[in-house]
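**Q** Protein sequence lines, in the order shown, are assigned to chains A and B.
So the numbering used here is basically just the index in the first sequence, starting at one, shifted up by 244.
So the numbering used here is basically just the index in the second sequence, starting at one, shifted up by 244.
Since the hints were made in silico from the structure, they are not lab data.
We treat Cβ as the ideally placed atom computed from N, Cα and C, and that holds for glycine.
Misleading hints may appear alongside valid ones.
As the list claims (entries may be wrong) - One side of the interface only, derived from the structure: several residues of chain A facing chain B at Cβ under 7 Å:
{"hint": "1", "residue": "Pro-251"}
{"hint": "2", "residue": "His-252"}
{"hint": "3", "residue": "Glu-258"}
{"hint": "4", "residue": "Lys-323"}
{"hint": "5", "residue": "Ala-420"}
{"hint": "6", "residue": "Glu-423"}
{"hint": "7", "residue": "Leu-626"}
{"hint": "8", "residue": "Leu-664"}
There are 2 protein chains.
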Amino acid sequence: MGSKVTPHKVILDESEMPTSWYNIQADLPEPVDPPLSPMTKEPAGPEDFIPLFPMELIKQEMSQERYIEIPDEVQHVYKLFRPTPLQRAYRLEKELDTPAKIFYKNESVSPAGSHKPNTAIPQAYYNKMEGVKRICTETGAGQWGSALSLGCKFFGIELEVYMVKVSFEQKPYRRAMMEVWGAKVHASPTDETESGRAVLAEDPNCPGSLGIAISEAVEMALKRDDTKYSLGSVLNHVCMHQTIVGLEAKAQLEKVDEYPDVVIGCVGGGSNFAGISFPFAKDKFDGKDIRIIAVEPLSCPTLTQGKYEYDCGDEAGLAPIVMMYTLGHKFVPSPIHAGGLRYHGASPLVSKLVHDGYMEAVAYPQTQVFEAAMTFARTEGLIIAPETSHAVKCAIDEALKCKESGESKTILFNLSGHGLLDLRGYDEYLAGNLVD
Amino acid sequence: MGSKVTPHKVILDESEMPTSWYNIQADLPEPVDPPLSPMTKEPAGPEDFIPLFPMELIKQEMSQERYIEIPDEVQHVYKLFRPTPLQRAYRLEKELDTPAKIFYKNESVSPAGSHKPNTAIPQAYYNKMEGVKRICTETGAGQWGSALSLGCKFFGIELEVYMVKVSFEQKPYRRAMMEVWGAKVHASPTDETESGRAVLAEDPNCPGSLGIAISEAVEMALKRDDTKYSLGSVLNHVCMHQTIVGLEAKAQLEKVDEYPDVVIGCVGGGSNFAGISFPFAKDKFDGKDIRIIAVEPLSCPTLTQGKYEYDCGDEAGLAPIVMMYTLGHKFVPSPIHAGGLRYHGASPLVSKLVHDGYMEAVAYPQTQVFEAAMTFARTEGLIIAPETSHAVKCAIDEALKCKESGESKTILFNLSGHGLLDLRGYDEYLAGNLVD
Numbered sequence: 245m246g247s248k249v250t251p252h253k254v255i256l257d258e259s260e261m262p263t264s265w266y267n268i269q270a271d272l273p274e275p276v277d278p279p280l281s282p283m284t285k286e287p288a289g290p291e292d293f294i295p296l297f298p299m300e301l302i303k304q305e306m307s308q309e310r311y312i313e314i315p316d317e318v319q320h321v322y323k324l325f326r327p328t329p330l331q332r333a334y335r336l337e338k339e340l341d342t343p344a345k346i347f348y349k350n351e352s353v354s355p356a357g358s359h360k361p362n363t364a365i366p367q368a369y370y371n372k373m374e375g376v377k378r379i380c381t382e383t384g385a386g387q388w389g390s391a392l393s394l395g396c397k398f399f400g401i402e403l404e405v406y407m408v409k410v411s412f413e414q415k416p417y418r419r420a421m422m423e424v425w426g427a428k429v430h431a432s433p434t435d436e437t438e439s440g441r442a443v444l445a446e447d448p449n450c451p452g453s454l455g456i457a458i459s460e461a462v463e464m465a466l467k468r469d470d471t472k473y474s475l476g477s478v479l480n481h482v483c484m485h486q487t488i489v490g491l492e493a494k495a496q497l498e499k500v501d502e503y504p505d506v507v508i509g510c511v512g513g514g515s516n517f518a519g520i521s522f523p524f525a526k527d528k529f530d531g532k533d534i535r536i537i538a539v540e541p542l543s544c545p546t547l548t549q550g551k552y553e554y555d556c557g558d559e560a561g562l563a564p565i566v567m568m569y570t571l572g573h574k575f576v577p578s579p580i581h582a583g584g585l586r587y588h589g590a591s592p593l594v595s596k597l598v599h600d601g602y603m604e605a606v607a608y609p610q611t612q613v614f615e616a617a618m619t620f621a622r623t624e625g626l627i628i629a630p631e632t633s634h635a636v637k638c639a640i641d642e643a644l645k646c647k648e649s650g651e652s653k654t655i656l657f658n659l660s661g662h663g664l665l666d667l668r669g670y671d672e673y674l675a676g677n678l679v680d
Numbered sequence: 245m246g247s248k249v250t251p252h253k254v255i256l257d258e259s260e261m262p263t264s265w266y267n268i269q270a271d272l273p274e275p276v277d278p279p280l281s282p283m284t285k286e287p288a289g290p291e292d293f294i295p296l297f298p299m300e301l302i303k304q305e306m307s308q309e310r311y312i313e314i315p316d317e318v319q320h321v322y323k324l325f326r327p328t329p330l331q332r333a334y335r336l337e338k339e340l341d342t343p344a345k346i347f348y349k350n351e352s353v354s355p356a357g358s359h360k361p362n363t364a365i366p367q368a369y370y371n372k373m374e375g376v377k378r379i380c381t382e383t384g385a386g387q388w389g390s391a392l393s394l395g396c397k398f399f400g401i402e403l404e405v406y407m408v409k410v411s412f413e414q415k416p417y418r419r420a421m422m423e424v425w426g427a428k429v430h431a432s433p434t435d436e437t438e439s440g441r442a443v444l445a446e447d448p449n450c451p452g453s454l455g456i457a458i459s460e461a462v463e464m465a466l467k468r469d470d471t472k473y474s475l476g477s478v479l480n481h482v483c484m485h486q487t488i489v490g491l492e493a494k495a496q497l498e499k500v501d502e503y504p505d506v507v508i509g510c511v512g513g514g515s516n517f518a519g520i521s522f523p524f525a526k527d528k529f530d531g532k533d534i535r536i537i538a539v540e541p542l543s544c545p546t547l548t549q550g551k552y553e554y555d556c557g558d559e560a561g562l563a564p565i566v567m568m569y570t571l572g573h574k575f576v577p578s579p580i581h582a583g584g585l586r587y588h589g590a591s592p593l594v595s596k597l598v599h600d601g602y603m604e605a606v607a608y609p610q611t612q613v614f615e616a617a618m619t620f621a622r623t624e625g626l627i628i629a630p631e632t633s634h635a636v637k638c639a640i641d642e643a644l645k646c647k648e649s650g651e652s653k654t655i656l657f658n659l660s661g662h663g664l665l666d667l668r669g670y671d672e673y674l675a676g677n678l679v680d
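Using the sequences plus the hints, can you model the full thing?
**A** Pasting the structure below:
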């Protein structure tokens, strides 16, 4: 493998951009357990999702088709930043003195700075096609809220974002970013929803959580006929939209005669990890020898320490109940900088594949994660998101194992986002104030 | 022209990256007036620059060679982010309903987020080659300081940055970015230099200025044998390093059978503008019909309202004296958000070409500039730097002229940097608090 000299960046032409997403449900060795209605606790049918999502996304959520075509309008918007580069981390390899080859798929080049627009754009598009006027969503640190703001602006849909209050106050520039793209941003919990008022009645100073914000967004979507809800991770259709990441990476590696021995992504809800890994998991089902590693924070160890069981996706229990690894829907993770990984559950598809042994999971404390991010910034130059830094920490560990064993493995990780709006975390790390 | 369908992004392969910079001094219809020594006020020779710069950069500053080869080590680092994409602004064109074709060269994809690494990397390299241990520099809003931090980290040189105090306090994350890349950052004026102490004696609460920060950095470089100084704009060699931007853009336009009718860049010291425009100015000297427009803030109107005369580059008069458009080296521009454009002078090369009629200059107030930036963010998606927004405002105006005249002109501008660390300006604009 890899007899050619690999360029620093492996580029796909726009004409080589994948025109379909990959739906792993078509190839699962065993199907996932069905979601349950939050009302009846019985298996949910399409009708249970109709108040929340446009029909096309509901169909995708349940589809068994292997490939689903990306609409032309979505492809057109994707091409503002896709195909994204696949980069060879030559300078990091040299620093580690490893025989491993490290590749990263650079999703930080999107206007919102992460992989999130890959699903925000089609979600906005399908809502628009079905006449939806307004979308409600939640956001933690703001990555998802800003990506959906961008998508909604492009397709002329109003967006209301319920942003976890502590982030709303600490990250005014994430809020500004959403407003630049036309969204209305609320600090959650608000007194505008029943879920919010219930929380505030117990604790008027509640700093908010992702679970509470989801409850508020779902409640507001359910209340209005012209309004739907949108989720930035966890669900099957979201994971599927992200597979363009892995499909491109696979085509790019083929261009330089490479195939990964190890594929790595960080996991919050699971969508960036699904995106990079599902097209390779397909090969693993067919017997390919490949390791796929999900990386999570030690302070929110869903896959490594959670239970595999049915649980609610949100705090108030309004969203569908799914079979997944979970720390319990009342779990409140500690306020680590990787806000996007602070979720009590995980994608049912990712959970199933970890549970059934097709994928592994590891967890790291945040000081080690920031140390890896510093190494990356000082070799490859890029200042990456705290979430992404989890994947980098794992890639470095795998590369160092290769140094010990002398193996020249090919390691691929998803550089899911930049950290230019997360420099406070770096500042605390440099000042020695970061704790695990 | 332009019979092919242009893709959204015109990509060059790494093998197509230019391997030389273009030195416009070889082609100037008339040579520029020589710099003067700040000590003797006589024309400066190489010996006057030796305390400040490594010999190779002094040679480049005075060179009459048309092309100067980019060292392999510099090319290697460039390839972390170069060649950068040339993008067709389809969505902006549609919004403006213009027959014009708008292209932008996207320099925001560098790790530091701007064009500045194009010169920071070779400057660090040449210093390293000549045994320099430490570099001192100044930075206003932080773009240059962060780019040079990156360059120095890659080549193992210590960096001390004198950052204008008001920015140091207002932009802690720019400081953090420099520290991530290993630089030591001082709030200027400091009490560590004579220039700084002199300023503080008059005004202990002085918020600093670029002119003062330059004086401090130059003074500290002059004091120590193992230390040199580095400037991020204005000088001939800096402008030359930036020509990789225009050389790539030209090759990219050729790929889609296009040639610009108008080339646009914002001007602070002049280097990003020189970078995009000098390779096209060469054609203009040969008789090509092309307009080249420098865009500056109305509150710091160097090219449109300054005098063309010899003036100091810094406040204390330690740096060489050059022939340029200037507002006077004691001029203190108002605190607009485009901190990178708040400089009293401009590149002697750019000044000469504007003075001699080869280039035009226009000035805009910052509210109009932010309005243009909002239009860009809401169509093309990218949140751009306030400096860059000046170029966008001009590109929009030129495109709207085409709408009136019905002409399908090809407009090229330099998207010199993103605005992800400048969201405070957008926030003020959205809140209606921005003033001119």
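**Q** Determine for every hint whether it applies to the structure shown.
**A** Here is how each hint holds up against the structure:
Interface restraint check: A/Pro-251 against chain B, minimum CB-CB distance 5 Å, threshold 7 Å, status holds. A least Cβ separation of about 4 Å between A/His-252 and chain B falls short of the 7 Å threshold, and the interface hint therefore holds. Annotation: A/Glu-258 was flagged as interfacial toward chain B, and the flag holds, the nearest CB pair being 5 Å apart, inside 7 Å. A least Cβ separation of about 4 Å between A/Lys-323 and chain B falls short of the 7 Å threshold, and the interface hint therefore holds.
With a cut of 7 Å, the hint placing A/Ala-420 at the interface with chain B holds, because the nearest CB-to-CB distance is about 4 Å. Checking A/Glu-423 against chain B by beta carbon gives a least distance of about 5 Å; that is within 7 Å, so the hint holds. Because the smallest distance between the Cβ of A/Leu-626 and any Cβ of chain B comes to about 5 Å, under 7 Å, the interface hint for this residue holds. At a threshold of 7 Å, the smallest CB-CB gap from A/Leu-664 to chain B is about 5 Å, leaving the interface hint in force.
Violated hints for the displayed structure: none, as all numbered hints are satisfied.
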